[in-house]
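With chain A's structure known, arrange chains B, C, D and E with the ligands on it following the hints.
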Amino acid sequence: MQEIISLLGFSFFSNAVIAGLLTSIIAGIAGTYIVSRKIVFISGGITHASFGGIGLAYFLGLNPFFGAAVFAVLSALGIEWSTQKAQVREDSAIAILWSLGMAIGIIFVFLTPGYAPNLMSFLFGNILTVTTTDIITMLALTVLLIAGITLFYRLILYIAFDQEYTKTLGFNTTIVRYIISIIIALSIVMSIRVAGIILLLSLFTIPQAIANIFTHDFKKMIFISIAFSFLGVLTGLIGSYYFNLPSGAIIIFTLIIFWSILKVTIKLFRTH
Amino acid sequence: MQEIISLLGFSFFSNAVIAGLLTSIIAGIAGTYIVSRKIVFISGGITHASFGGIGLAYFLGLNPFFGAAVFAVLSALGIEWSTQKAQVREDSAIAILWSLGMAIGIIFVFLTPGYAPNLMSFLFGNILTVTTTDIITMLALTVLLIAGITLFYRLILYIAFDQEYTKTLGFNTTIVRYIISIIIALSIVMSIRVAGIILLLSLFTIPQAIANIFTHDFKKMIFISIAFSFLGVLTGLIGSYYFNLPSGAIIIFTLIIFWSILKVTIKLFRTH
Amino acid sequence: MDRTPIINIKNVSAGYSPDKIILKNINFTVYKNDFIGIIGPNGGGKSTLLKVILGLLKPLNGEISYKEKSYNKVNIGYLPQINTIDKDFPIKVIDVVLSGLMNGNPFKRFSRPEKQKAIDLLSKMGLEKYQNNPISKLSGGQMQRVYLCRAIINNPELLILDEPNTYVDKNFEKELYQHLIELNQKMAILLVTHDIGTISSVVKTIACVNEKLHYHNSNIISEEVLKTYNCPFELITHGHIPHRVLDNH
Amino acid sequence: MDRTPIINIKNVSAGYSPDKIILKNINFTVYKNDFIGIIGPNGGGKSTLLKVILGLLKPLNGEISYKEKSYNKVNIGYLPQINTIDKDFPIKVIDVVLSGLMNGNPFKRFSRPEKQKAIDLLSKMGLEKYQNNPISKLSGGQMQRVYLCRAIINNPELLILDEPNTYVDKNFEKELYQHLIELNQKMAILLVTHDIGTISSVVKTIACVNEKLHYHNSNIISEEVLKTYNCPFELITHGHIPHRVLDNH
Amino acid sequence: SNKVGNKNHIVVSILPQKQLVSQLVPDDFKVTTMVTQGNSPATYSPSPVQIKDVNDSHLYIKIGNIGFEQAWIDRFCELNPQLKVEDSSKGIEFIRGEAEIHGDHVHEGGIEPHIWTSPKTMLQVVENTKDILVHNYPELTQTIESNYITLRDSLINIDSLYTQKLNNFKGKSFLIFHPAYTYLARDYGLKQISIEHNGKEPSVKWIQKIIDFAKLENIKAIFVQEEFDKRNAEIISKELDIDIIEVHPLKEDYETEMKDLLNKLETIL
Ligand SMILES: Nc1ncnc2c1ncn2[C@@H]1O[C@H](COP(=O)(O)OP(=O)(O)OP(=O)(O)O)[C@@H](O)[C@H]1O
Ligand SMILES: Nc1ncnc2c1ncn2[C@@H]1O[C@H](COP(=O)(O)OP(=O)(O)OP(=O)(O)O)[C@@H](O)[C@H]1O
Ligand SMILES: [Mg+2]
Ligand SMILES: [Mg+2]
Ligand SMILES: [Zn+2]
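Chains as they are written, first to last, in this note's numbering: chain A, 1 to 272; chain B, 1001 to 1272; chain C, 2001 to 2249; chain D, 3001 to 3249; chain E, 4001 to 4269.
For reference, chain A alone in the conformation it holds in the complex (with noise of 0.2 Å):
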């Protein structure tokens, strides 16, 4: 105990406590969402396809962050088009947008003379080496989503569960659509530059899938996402002090068992 009070001494420690609780908060969020629209893939999609916005950052001289982010938010608007306008199915669209943001992002990384940097390494971070800046970033789009969801919670729960009926309430579902996932892009490009896609797959679906273990109700799910998935982290991180091993897969093997002792407790439980 007296370690780990000193390690939060460190600020790349207390810098990784506070991202993973930000995370947690987003990835509550955002992950409930998407998970209960079945499009938990959009976090790899968007990440992927804005590898065509840094590769053009690059060719171009600009910020390969501000590339990324623009790209994020086209392809988030293009995966909806898509799915409203074009008749792809969801996880399909995902799928083009993913591949065509990587290829645009290999031909200028390609177009670029001399040796190009590991583009992808832009955009996957590590939970430990979170910067001071990502910190405020998280924190300005964590404000954002919570006073979204907050304010916003029937209309973004109802167009989730039916679109259809929403739009006779008299809603214009599909500008929503948009918004929803313009913010929703947003959160996985910041979110993914401070956990790396791996974790963030993680954060964004095994808490959602422990939630749903207790309840079948969105914002339960939220809190509770938020809740296992802070929790996963403190112990992971804690744990991977002790064991001495990277803490993002120490992290997920903790979620899981989590998922794992749960399920099982909660089955024998039920069965008495």
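For the record, the hints were derived by calculation from the structure and aren't laboratory data.
To give an idea of the interface, some chain E residues facing chain A are shown, with a C-beta separation under 8 Å as derived from the structure: (1) Pro4202; (2) Lys4205; (3) Ile4236.
Virtual Cβ for every residue (Gly too), placed ideally from N, Cα, C.
Same frame as chain A, now just chains B, C, D and E with the ligands:
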């Protein structure tokens, strides 16, 4: 034209064309199945999950590809199990196995002493560097897939369409689903070694999206996908030679251009 | 009878692709206090007509005008025929019902009385003990009742019901029709149903849809009129019923 | 009457989780040539009972035995109440119908006569011109007819229909019941419906399900029996009907 | 196939090798570099022209043990059976992870691949490359040998500069994100501390250790390779309040880059 024919004299190019044909057939069959079932990301999931196997094989000093294949099959079974028995949404299950496999891989890389090679590169190939061994493996797999889909076409179709009803027809749909998913897993791991993940993701989805413009019939979708897939690979390979650009990316662009042109043409044509 | 028009459909043609028209040149007005039963054979275009009215399907031709200028302003309650929602979606029964109260307000929060209203409605439908269940765990008839609650909770000006008696048991069906008659005091109702027996006893007017729309300004129909207007009809199976044809038909 | 049992249910309890039992201690036998109408209120457990018989839901207690040793051998036709299939799935109408002929043969290919049979059935249901349509482009009633074709195409020994009259128009409903009576010459039928009016005229026996199962060995039921057995009934709304109660009930 | 490729066409893995080989062979030789992009395996994608180059050449000179070669060389060989693969890392005293005994088998420990970043080991690489070239092009022995002398002299010059200037800093440490200078550190008596320990994702303990150590040693800056996002090192730089300095171990112009690096080392040590 002369130049194209002379290009075929290069074994790398003719190999690429053959690999393109075989991948198109595999992607046409397996891709139509996963697109229809809306589980496109099983390809990414299984590839990344098999990273765990590579890590373990590396740690134990075994053949990495063997490890990958074993983990691919295990994760395919894991995805089916989570969906059918543990009531996890299918896309979430894929994401969870994806991150779990990666986490296992990372841990084993970490535990193996010495400088770590980039293990993912064992999984991701490129269509231009296909070896004869790859082609033979692919050929075997193609034969397996064609035989499977020919013999069990109806069963596969109906299980994908309406599993519950097919169960009442006297089939053990659970076991069939497990077997299908093992074959899909093997197809994915093999094709990714040949085509790389990005190209594979698009060969598994864009030709199907193109086919969907013309037909809503599973069998026709397979044939049309194979045709467009191969057409895309051919055009892309030749195009990438002329523009001296990476072929994967050009193949993807070619396919997306096909899709857009056909979509627009059909739309104009229908409105008349 | 209050003849204020709520919705006016003029020369509308509709379909899912321009080369296959489902509804041809429809003219149709819904007035306040209308209770119109829409009948017609399977595939006749009844649901398509409702989708056009609701703005879910853009007409290929013609014009739809609403009482207020934009559709967003008309308060419509809707019960779809087939609900394509994802059964796994994590939402509670009561929240589904409450969604009927959104009324175009994106910031909507539900007050206590509103929640109470939803609970009361669910109780009326015999579902009070399921109010906190996830929607996935209901039987077919229970789910249908939930969608009905959602359609009527907001006291809409126009209530559009696409086969509301689907799945529901006879006990409840009787209550349902009773309820609709009461509701009609306050709102116009468009009711699609195949239950001809009931239609004559509850609706005020009947329209039959089979590519074209035949509007009968009465709830009494006969074999004769059906033949005249080529209404391809169920009623025929019920034998002769007295009817009256309006001049301006 | 042929009293060869096809399915025998003994002391079966069932539900979706062990702490919430939907069906309690059900005993029930289906004989050859049976035509049993299953009625009961919404949420009573009718669909659950069918799922148990079909082997789609494992009973929590008790035993189900089939004529042949394993379920796989009994040829059952099934029409689900709510079809949860994905509407986007690329499959043609005729292929959906043909799936009814699979009959446990994984290598099944369809012969010309089989395809013709499917086309004939579709024609009977007025759907011949939709045979090559994707399933997604049908109206509710058309889809219901397709599922009906799928259920009966294989001349099953036991036909299980969960509210087959859902969405279908009255014209067709009449034909449907006529057809069922014919089919009953060759097969046992289990029919869930809320359409009490019809039930008495087509089925031979009635069972009502509301947590428990009450089996009436007759198609005539009265208010009295309903009360005695606490069948929470629709029929009541239809007034007095003569009925007969069996001793061994 | 029995096609005849271009004998005067050599393929190498990385850019510093390209410069080196070009300096050794006559001007009419073509030298192709395979890794011109970021080495993410998910995005490595040669163009058909590159593959044609591989197909067209007779000689592939490996740098030795980089991941790219482990994954791809076999494929290149199978594409072009005539391709002779030679290793320019022979005779170098490799740095390995400690061998570990796991029950019945022994882990050799992976070889640290960055041999070109130290002038001393690079001298060996150059000599090896010269030998390989002489062996393959005996008719050009004279040209190659004379080019070699010039090249070696300039490298010896760099080496002595390093020895001389770094002499005062023996035992001192520098901090880097990816361990690109392991051999350099060994050869000139410095200590390299990398955040990516052995090229692997860092653990919490490792970062903690680095920070403690860096404080103790009063480290003034952290190196980051241009091909990695600087952000990765930012947290450490903030924690220790030190600068981030970009380095380019894969630059084609070896001499300039190494001199540049020496200046950087001098200012931070
Ligand atoms: N998948 C499910 N999970 C949990 N509970 C369920 C599920 N499906 C149904 N139930 C519950 O089981 C009970 C019986 O449902 P069932 O579908 O058998 O009713 P039913 O008699 O067919 O009703 P209906 O006439 O409305 O179709 C209901 O109370 C319902 O809430
Ligand atoms: N999404 C769709 N795409 C293409 N065609 C469709 C679609 N939905 C319905 N149709 C076709 O449009 C016609 C009218 O369908 P609609 O659903 O309006 O019929 P309906 O009168 O409501 O029938 P039912 O009584 O069966 O519900 C049918 O022939 C049907 O095949
Ligand atoms: Mg309809
Ligand atoms: Mg039911
Ligand atoms: Zn390196």
